[in-house]
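Build the complex from these two chains, which are given one at a time in their own frames, with help from the hints.
Chain order of the listed sequences is A and B.
Going by the numbering used here, 54 is the number at position 54 of the first sequence; the sequence numbering is gapless.
Going by the numbering used here, 1014 is the number at position 14 of the second sequence; the sequence numbering is gapless.
Derived from the structure by calculation, the hints contain no laboratory data.
Straight line, CA to CA, 20 Å or less: simulated DMTMM-like cross-link-like pairs of lysine to aspartate or glutamate:
1. B:1372 / B:1337
2. B:1050 / A:38
3. B:1059 / A:31
4. B:1050 / A:31
5. B:1255 / B:1270
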Amino acid sequence: MKGTQLGEFEEIVLLTVALLYDDAYGVAVLEELSSRLERPMSLGVVHRTLQRLEEKGLVHSRFSEPMAERGGRSKRLFTITLAGEKALQEARRIRNELWNGIPKTAFDHLT
Amino acid sequence: MNRRNKNQLQSHSKQSGIQPPRWAEQLLIRITAPYIRDEILGDLHELFQKRVHRYGVTKAQLLYMLEMLLLLHPRLWRKPGQSIHIDTKQTDYSDPNPMTMVSNYAKIAFRKLNRHKSYTLINVLSLSLGIAGAILTFTLVKYHLSFDTFHADYNRIYRITTELRTEKVTYSTGVPNPMGEAFKSDYDVAEKVGRIGFLKERVVSVSPQKKFKEDVAFADADLLHIFNFPLLEGDPQTALQERNTALITERIAKKYFGDIDPIGQLLRIDSSLVVTITGVLENLPATTDFHTEIYLPYSNLQDHSPWLVEKDWWVGFNKEMQCFIKLKSGVSAAMVDSNILPAISAKYYDKENARIFQFKLQPLSGVHFNPKLRGYMEKKNLWTFALIGFFLVVTACVNFINLATAQALDRSREIGVRKALGSQRGALFWQFITETALIAGVALIIALGLAYLVVPTVNQWFDIELVINPLTDTYLFTFLVGLLLIVTFCSGAYPGLILARFQPVLALKGKLSQQSAGGFSLRRGLVVTQFAISQLLIIGTLIITNQVRYSEQANMGFQKDAIVILPIPDHQKSKITTLGTQLSAMAGVQNVTFFDSPPATEFLASTGIRYASRLKAESFNIAYKTGDDQFVPTFKIPILAGRNLASSDTVREYLLNEAAVKALGLAFIQDVIGKTATINGQSGTIVGVMKNFHFKSFRTAIEPLCLTTRREMYTSCGIKVNPTNLKATLAGFEKVWTALYPSSVYMYRFLDEDIDRLYKLDRMLLRLIEGFAGIAIFVGCLGLYGLVSFMADQKKKEIGVRKVLGASTSGILWLFGKEFSRLLLLSFVLAAPLGWWSMNKWLASFVYRIEIGPGIFMLAILITFLVALLSVSLRSVKAALVNPIKTLRAE
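The shape of chain B in the complex, shown without the other chains (with noise of 0.2 Å):
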């Protein structure tokens, strides 16, 4: 149709009011080949506006959609067949068929890719490992970032938590007893108030027989409404309020009863509680920090240990005894922080402990991410997976980049042609683009797979329960297509542009230099880019197995090796000299100890201190270890002045470490000997100073410690032993611990083990560090490799000539050699500031750490030298070693 009609017809539709989706009518426009465009738009109007009359232009519109979609069909694209006669004057052969072009662009690429096999390899290889790594971490991040946030709500949930204002400020994440009661009756800000008492290891029997540890819960009712824990049987309404029932998860159900219904059972805890079980939890989701399966009401919590709910007590709390609220909608946790909280000081204290005791409302999505209340990981170290993970992909876009811009010149001729034949720039940009995203698209299914096939070690690794399955995660699912998009245009964009950009004439002639196909310079930069990551990973992965390692065998100022830990489930005088006598006599036993904590652990409660005859008390905490007379000589801790404690069941003697010495203003560590002092409340004599030993991480700084004699306060049982014949000891230490606590569960564990874990997350971020620069550095040999490739065939006739006049294979070698050895000392000058500066801070966290020397940059310029030594010389050797004659020989 002429175009004189069509604007004529354009301006009489418009009075006819409504119009068919505008979209619609213009996706029909381009997928519909010309020859029956017009009938078929002009059909689909006309029943269109009959449809209107009929049925409204709701559904019109929707029957509009639906014809279009039935119209889809070869047909409509196709070009007319051989026997129809049509006016050619009244159609428009002029717009090129999308189709055709964008399955032409496949096939090309396809042709393309086949030819240039090894050139495929690297590309798909490199991207996919990127695109793996990136899957991983964004997986990792994600999953981390979902914890907690299931519950309903989950913004409107906060953990009340105390700040402990001394001279320095503590914190916890337990609050006074009487805490939840005052919040409820006092505001009427929170929905809903629930207290929560976590206790972790107590002995659950289901018959004498059947004995298990278990954490357990003593929750309020109102907790099951606050938290999103769906019960599978039993009742919501009633679940909780009654005294001497109990909650468990499915889990613990299948555990414990195997297929017996669970409700109505009767649960032992400890040795002082019976409960019935009323409801089944479903099991809890692995995005949690809240991993109790088992809960038991609140109100029970006085039966079982009444001294963590003593009434009114608002001087002592506990870090396991929480008080979580849901504030109503419309309430700003700001407002309670800085309104509401410091009134209930103001109002349950006295003036100068309203002072110390803060309140303040930790939102629960943050719970996971807090380290000073106990959290798993501070949100930092996902931007840092982040970032790695991103530094991947860039590596991997690199790569590409890099063999693209080089292999240009291979093209030039086929450019050439097809900007003789009449290609636009656009085409032919488009054209490079279709040839990426198929090479990015393969690449992301081989890294869906890969990842698929990682995840299980990963989580092992880990600890987590991570799951990749992009058709029902949705954000895995955007994030792909996302990741898709942007490194098919990162790495596109640029060698596309450069290839349409060629001068035909000069392409035909086969006349373009490496300098005219993209920027030598560039791929130079590039170059420096890749390698600058990949030490930058290398350093990070030194220093931190550096410092593990220093914090694992440096000494903590106490023997450590062959110690077994086992628990005492109670500390009656009689068993535990039973149990001391019974353990010593044995062969293979050194020693043995009883205590509170062992030497070094992650938490360690602190206590208020006087002195001698000061009035008035410390102005700092001590940290409050017990241990009996054999805690010293067990843990071969230095005596400095003075002597060990004494044996005692009761405080009586005290001795301090050097760092309390000196905390308390004294000059010589002789000056305390024979001073009193009263530690929490109770007083005893100092009877010697111990050397400073680490009794924390390294993360913190040597506090002042005091240990004391209190045998009601001892949990566990410490033993050295002789390591040879391990085995028969351990066997023979359950005997007669099992023999004294028949009601009990036997576990024992070695000290070493736990004071590895004090840096097990360190360990992880190595782990995940050290796999990912493999991969940086992998990924870059790769790109290394083939850019000498296309180098040594662009330089095949310079080497022949070369051979010719009489130069030297190392002296051709050096050739390719001195280029990438001075990429390679660039890179080095990016990557080791900011390796030095990023290191630090993480270094920064530690109090005792080790010096970042040179030695540790040296071995990493060192490292990444050999490797692409590697992977240069596997092709340049071989391009050396060619008989001149045969590249000659072509002209």
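Excised from the complex, chain A in its bound form (with noise of 0.2 Å):
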């Protein structure tokens, strides 16, 4: 299924949903990676990106309780599924097998 390749984008979102464990939501995420990326991003990107991934099943979703600090609101909590776990695993796999690949002296040049 064509839905379930990971986008670049997609698969740093879904790592980030990851190692926040039990408490990745919009805004979390979104401070995650801008500081790890160390660049900007607006919410409406991270937000499509959750909602589809969560409409490709690698992410779960609940609502916590309404808080205060979001003006009575809850949270929309992620959590990675088995298939998100997968598809992480698959993305590395491919990855390590590149990097195995990779002749030593492909680098050579930039000594």
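Next comes the structure, spelled out in structure tokens:
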């Protein structure tokens, strides 16, 4: 299924969701990402990606209790699903294989 | 989220103090799909609170809005994807999604309009014509209102004008020469005072071969600080300060010098003055009444025309010698009018003259609108234009309402189904408004295109420079948006309400009749309005046409055909005599005369008269014309008593007109013959009385006039020619003339063209009304055609039955005809008195005018009737000729 293919940004977001474990929601993901990638990004992008990930079944969401600092709204907390974990593993595997396959001399010209 | 939670938490958030912008939240609530709404708002809120701490409130709010913008994406309002699993208890699906609703409206509207092509076409066409008319009138009105409003602080700039209060008040744009100085030195209310003298049609030469006829102005340096005429080159501080310098506009610089730098070039003005160009002005905008493009220092006027600037000469003024002031801010013009200007009159005149010479301020923005002070037109003309434009839009809207309500019946099934499925009135209403907006929007775009295409023609007619560009012109843009809204609501609201009000059961059964589908009587009323507007415009067109034709063709009291007028640059006796003899010797020339102004002009100076042995000067002013002994024979002015003037170079004898004799209080015209009269300070014998002739336009009554010989005043030469072989004659004139006046520019004109120019504005009004009447009638006919089509559809069966029972075709035609004839007559009853009243008001500005006879009204109703008949019969004949079997077989 085409939908399970992970985009690069999707992969990063999914990794962040996994990293934050039980506290992955819009703002948290956004802040984590912008501090790690060292560039500002908009809530919209994060949201849409999370939505997409959920549609693909890679994350699962539930609502928290409403909270005062959010103007009385609840968070939507995301946790990674089994399918999500598998997709990450798969992506990692492909990368590792690629890395392993690179001949040593390929980077020589840099020196 | 359930309601209890919401309430509880809203109270929480209130405690936290600073809130994100409420409107933004509301907006998001409206467009966000319910299942992610809480999440998004919550996230935004949280971010906002953090940012308030970090960057402060303003920045946080800005960032909030930025985030909101970046959130805009179909995912925001789209329904959740399939594989999503959410707890439906926590979401709220009851709110309809406005985005989908609007797109659905648009889709339905497109289908509907596509299906009823002729209906759409009629509506779009009539609306675009109406709107195009409105756009044109709007631009025209705005153009005229914007005259001379581009000057900085234009509402503090005034022109001092003169009111001469003799027996009747005469107004002049000019003031006595010392006025400017007196105003500046005696009172401290003006920031700047600038005198300016306009001299028309001077000969400006760059080199002996390169000569131009140009208007020039002698102006105080301060005038450049009053008016906003920016310098492209040269120093505004020193411009017009030094003698023998000049400023010219970019256009003139291009015309005279091409690509050569004009600064430092020399210009010769007439024969007396040589000036150096020290500055180049930006080209004058179209919306100014100041068309002079060459400015010279006021001090140079002394060298050029010393008689215009005699010192302390308070009792004479010239309409071209004007004075502009810029009041200090806070000084009211009313105060200057009531205190300062009368004080100036009192100080510089003796007691009697102080009463006669009164001065008033005229605001700069009023210069364009006061015909008494040589303004272009009266403001009320503009309102007439605006009203006509409004009428056009109304007619187009009426069409729309008529057709839409008539068509409502067709849609009854659709409405029925919609209602049965739970549509609310509001929703149906808005659906219809969307449809209207679509039509109006398309019409607006077409109208813009039309207006854009027509503008060059209109500019040519009116001799103006309109520009239509809604992208740069914010006024026009606002107007268009406003017009779109108004048209949409005015024409969409009523049919929308009708549609929304249908009873679903009746509608589904198809039992709605014409009657219940939106008041047939209302539609009648609208048709009557439409016809009334068309007839009003037709009546206006007819009356103005008649009056203008009357003014142009009526006997002015003198001969005006086949007379060529040449200018006389100087009045040396030898030259005038030579020109006279050479011209009369030419073939095809019947008469030659020299004079200061042709028999009929827009303006004519008037002066005081003292008659015979009477001690005091008369209380009326007499118009003053000079011409040689050939003036009367050339223009074939009848002499009622006495004889024509004898040939002379100076004032010796006078001819009066009948009006003058009457004003002198004499019973018989013979009484004045042989008496002396002192006119303009020079005495002479009255040798004859001329029959009254129109020496101004038909707007003014024939006033007292005198004619005398005085060579130094002559500025033109009138030649009565034989119209055959005119071309050769004119070529001959040029040769003779240029040989005599090598340093001047040859120009000729015909007297009758001159006279036609007196009615320029009336002809413009006529053209406008003609065009708009045409549009109004056409739009009305379109509506009528549409209406009859629907009627014919509705009555298909009735016609079939009637035909089967033996009705004749003409009988069936009458079925349609009688209805519309009745409406037409009714509208005539409305339009006729209204037209009579308004046109009488217009005609009142003419002293010599046509009578509004019944013929005009008959013609108006006849025209409308014929046109209406044509559009009604087009469709009704078809309906009447249909084989009844086709219409009856359906059941």
